[in-house]
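**Student:** Sequence:
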Amino acid sequence: MLQNQIKNTLIIIGKILSRLRLPYCIVGALAVAVWGEPRATRDLDILILLTPEDKRNLLSELTKFGFKTDTAWELHNPMIRQFQTRVMDENKIILDLLEPRDTFQEEVIHNSVEQDIFGVEFKLPTTENLILMKLKAGRPRDFEDALSILVRQDKLNESYLIKKANKLGIMEEMQYVLERQKM
Numbered sequence: 002m003l004q005n006q007i008k009n010t011l012i013i014i015g016k017i018l019s020r021l022r023l024p025y026c027i028v029g030a031l032a033v034a035v036w037g038e039p040r041a042t043r044d045l046d047i048l049i050l051l052t053p054e055d056k057r058n059l060l061s062e063l064t065k066f067g068f069k070t071d072t073a074w075e076l077h078n079p080m081i082r083q084f085q086t087r088v089m090d091e092n093k094i095i096l097d098l099l100e101p102r103d104t105f106q107e108e109v110i111h112n113s114v115e116q117d118i119f120g121v122e123f124k125l126p127t128t129e130n131l132i133l134m135k136l137k138a139g140r141p142r143d144f145e146d147a148l149s150i151l152v153r154q155d156k157l158n159e160s161y162l163i164k165k166a167n168k169l170g171i172m173e174e175m176q177y178v179l180e181r182q183k184m
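Numbered according to the working numbering, the sequence shown spans residues 2 to 184.
Rather than coming from a laboratory, the hints here were simulated on the basis of the structure. We put the beta carbon where it would ideally sit given N, CA and C, even for glycine.
Computed spacing ranges between beta-carbons, pair by pair:
hint, residue 1, residue 2, range
1, GLY139, HIS77, 20 to 26 Å
2, ASN5, GLU38, 20 to 26 Å
3, LEU157, ARG102, 22 to 28 Å
4, GLN176, PHE84, 25 to 31 Å
5, ALA41, VAL114, 22 to 28 Å
6, GLU115, LEU76, 33 to 39 Å
7, GLN176, ILE12, 36 to 42 Å
8, ILE163, ARG43, 30 to 36 Å
9, TYR177, ASP103, 18 to 24 Å
Go ahead and model the full structure; you've got the sequences and the hints to work with.
**Tutor:** Written out as C-alpha cells, the structure is:
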C-alpha cells in the first residue's frame, strides 16, 4: 500500500518537474534505494534549484494535485525553512523540496544522472555524490546509507571520493565507511 502511494506521488512529481524543466535530483531514501539498500520511507526528498518565481510555480502545480504546504513544520524549523519547503499529499506522503545550501549541492544537481524509477525517468545524484552527501549529513542512518551504496556498487570512482571528501572536510567519515566496507 505505502509503496503504491509513494509510486503514485512520485509519478505526479515527475510529470510536474518535467513540465516545469527545473534542475533537480532526487536524494534521500529513494536515491539510496536505487544505488544502495532499499529502506522504508514516507517522504521524498528533492534537491532543487529554484528562483522565487520557480518556487511559486512549483507550489502552485503541486497544489493542483492536492499537495499542501506544511506550515506547522515551517513554524517549528526556523533555521532550515529558508532552504527547505515541506508539502504533503492527501496520503500524508511528505515531499521535502531542498534548495542547495552550498556549491557542492549545486554541483550534485548539475552532475545528476537519469535513472528509471517506476517507469519514469528521474534525475539522481551520481553514486559518489550521494555517498558524499550522506557523509556530510553525518547522522547514523546516513552512514548506514553510504555504506550500503559502497557495498552494492562495484565501480565507484574512489579517487574522486577521496579528493572531494578532503575538500568537503569529511575525510575521516570517508575513511570510516571505506574501512567498514572492507569488513
